[in-house]
Amino acid sequence: MSYQNLRDEDEALFRPIYETDRSFYAVVIALTAIFLFGLGCYIHQLIYGLGATGMDEPVSWAFYIVDFVFFIGISHAGTLISAILRLSKAEWRRPITRMAEVITGIVLAIGGLHPIIDLGRPDRILHLFERGRLQSPLLWDLTSVTAYFTASTIYLYVPMIPDIALLRDRGGKLKNLYRILAWGYKGTPKQKHALERAINILMVMVIPIAISVHTIIAWIFGMTLQPGWHSTIFGPYFVVGAIYSGIAALVIVMLAFRKIYHFEDYLKEIHFQYLGTLLLVVALLWTYFTFNEYLTTFYGHEPAEMRVFLYKFTGGYAPFFWAMVFCNFLLPVVILSNKKLKKIPGILIASIGVVIGMWLERLIIIIPTLANPRLPYPTGMYIPSITEIGIAGAATSAFLLGFMGFSKLFPLISIWETKEGREHSVHEVSMRLREYLPGQLDKSGVEASVKAEL
Amino acid sequence: MKDRTVYIIQLITLSFNWLLAISVTWWFVHLVVVSNQVKDTQTASLWISILAITVFWILAGVLSYVFFSLHRREKEPA
Amino acid sequence: MPKYGMVIDLDKCTSCQACVTACKVENNVQIVSEDDAQNGRAMFWMKMLTMEFDGDYPNIRPKTLPRNCMQCDEPSCIKVCPVRATYLRDDGIVAQIYPQCIGCRYCMANCPYTVKVFNWDRQEQPAEVERTYNPDVSVRPKGIVEKCTFCIHRLQTASEKAKAEHRDLEPGDYVPACVEVCPVDAISFGDLDDRKSEVLKASRDYRAFGLLEELGTVPKVRYLNAKE
Ligand code: SF4
Ligand code: SF4
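Chains as they are written, first to last, in the numbering used here: chain A, 1 to 454; chain B, 1 to 78; chain C, 1 to 228.
Honestly, the hints are just simulated from the structure, not real lab data.
Quick caveat, the model's predicted, so the values are computed rather than measured.
Backbone N, C-alpha and C define an ideal beta-carbon position, used for all residues, glycine too.
Only true hints are included.
Which chain A residues face chain C? A few, computed with CB under 10 Å, are given here:
hint	residue
1	Gly49
2	Ala52
3	Met55
4	Glu130
5	Leu225
6	Gln226
7	Trp229
8	Pro376
9	Tyr377
10	Ile383
The shape of chain A in the complex, shown without the other chains:
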């Protein structure tokens, strides 16, 4: 592969790295301000203790844990989806995978910090290392999030090596950084082969790790005895929800950066329509799980469970519950199953709805159970304080800042994969298609017939 002609063809993908306009800085400053405000809130909380939050008894877990579950859910956008798309050889994945993986890395780092923000005594965090008790789901969680973070960073990095090599060869800014990170990649066949092999291993490894992460988060709740939490389907239910919110977040981020960096030529409407179809499938799957979860509760009619159930359906959390049903079921299903609406604006609206809906879903899972304990205490109340909202804002802006920073250092769309798609996949896919057809004997026969046609 010669790098020279690559430069011209995919110049648009390099441009964001070398050119920055003024509005970019304006956004960075605004986001930094939000972030600093959140940081201030956290420092306030460190000084005054968790009293600064709106948590009380019995609602002893709230915003932070909701955000934790939500952010880790978003992180399933990336690695899981890109691994599944790579594994299934979906050709349209090429411009998508990189962004998906970046989202994972950043969001995971942010989400993973939330339980620490939630600790009453963060200064004693080392006790986890000294006297940790491995029976506690919190430790499983710590382990699996770390493993997922490591795996997804490696899985982001390894397929990026050829692109970094391209940047290195262009010279210019940060040459030494790229030189270090490129790991001496020159594009020789053997190097390519090694890289491909590593990607394949990682792809297969990352899927179970990603699934385990969200299953374990579900187990934090599922392993307790509390009504509304103690449920066997929580593991897969959370995983489906995570993939759901992940795809939606991915669509939003892709649309935003396509607009900002003019990637229209790479991210076409068809990509979003495929993602929309995926979103629709997961939407129905999510609805199926939700229906299962609530119908069994309702049919069983256990008093403690029913109190939580009614609290969600008709009680204090009913507005949130029905908003969730609207955002997560009605809105996306109507938009995405309708050919006329399934255009970019429609898909964007559906995705925004899903992200909001999934946040509400986490809220609805966590708080009503805590607010309705088994014994007849008065129903708990929870109103978030400024501190909690500020920290949530900071987390979101940290995510955006991280993503924007990444886009200034590395290409957001995998250049070599685009290139490879252009050069090899057209041929490979038509070969593959022919192999599926009846009447074709073997690979060499197919190859001969393709050649004959060309």
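Given chain A, put chains B and C with the ligands in place with the hints provided.
Structure of chains B and C with the ligands alone, referenced to chain A:
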């Protein structure tokens, strides 16, 4: 920068991953020892540790595989 | 090894809340500000719980019930603690190590009885309260979880005293503050492994039941139903 310096820096970054794998291992072994001392959840600790340690070692292994196979090719005549 | 347990006779209990107050004073439980109390952050180890139902499941007539930590034999709280800050002692007491707790509040979320309380913040205590702090019990800092310990410091004092007098711990030597203070002797306390103990006899009474026993937490605090 000289090639040698670049190589050393690269090795250092790679070694972070091994550092992580080794510290995770060390941590889990420590936890199993503690659980054995206080006679509390020994089996659970053992199995969870084995699982987690394997994952981290495989990940570090894959990364090192990439690193060394990229570099080995460099020395061959092109 | 003894196994400490408690039986509360709801027939005798007059809901006078002497135990609630005694517990708060004995264990230096923080008095929170009025605002915080209104927001549901009041701290009680022993709490008078209003049971809404009347004459339903197994024939409960009294509407209130003093509730401390059930000292479960199969406690859900210790299972989930990531740092072993709460643990089951050999004598059956579920103890809490304050300097070890990291304040994750997982144990609060998993206690089916919603027993544990959290120090949301640390407030200035009234001067009279600070003067009468119990020197045997540590004052907890903010950010950690605490709960009823069956007045474990009393057990320590009593066994040290017994040791100094070269004898074994006698049944009456160690009783928690709530038991001591109850004006109608509604609470009996003692060793559930001791066949002659009053508390064992009471816990085998036909009126005895445990709160949410069906969850399999095996509470060592049991109740006697009010008589018809
Ligand atoms: S009542 Fe709650 S805090 Fe007390 S031992 Fe049982 S589970 Fe633990
Ligand atoms: S709050 Fe403290 S005692 Fe409770 S689970 Fe967390 S560390 Fe353990």
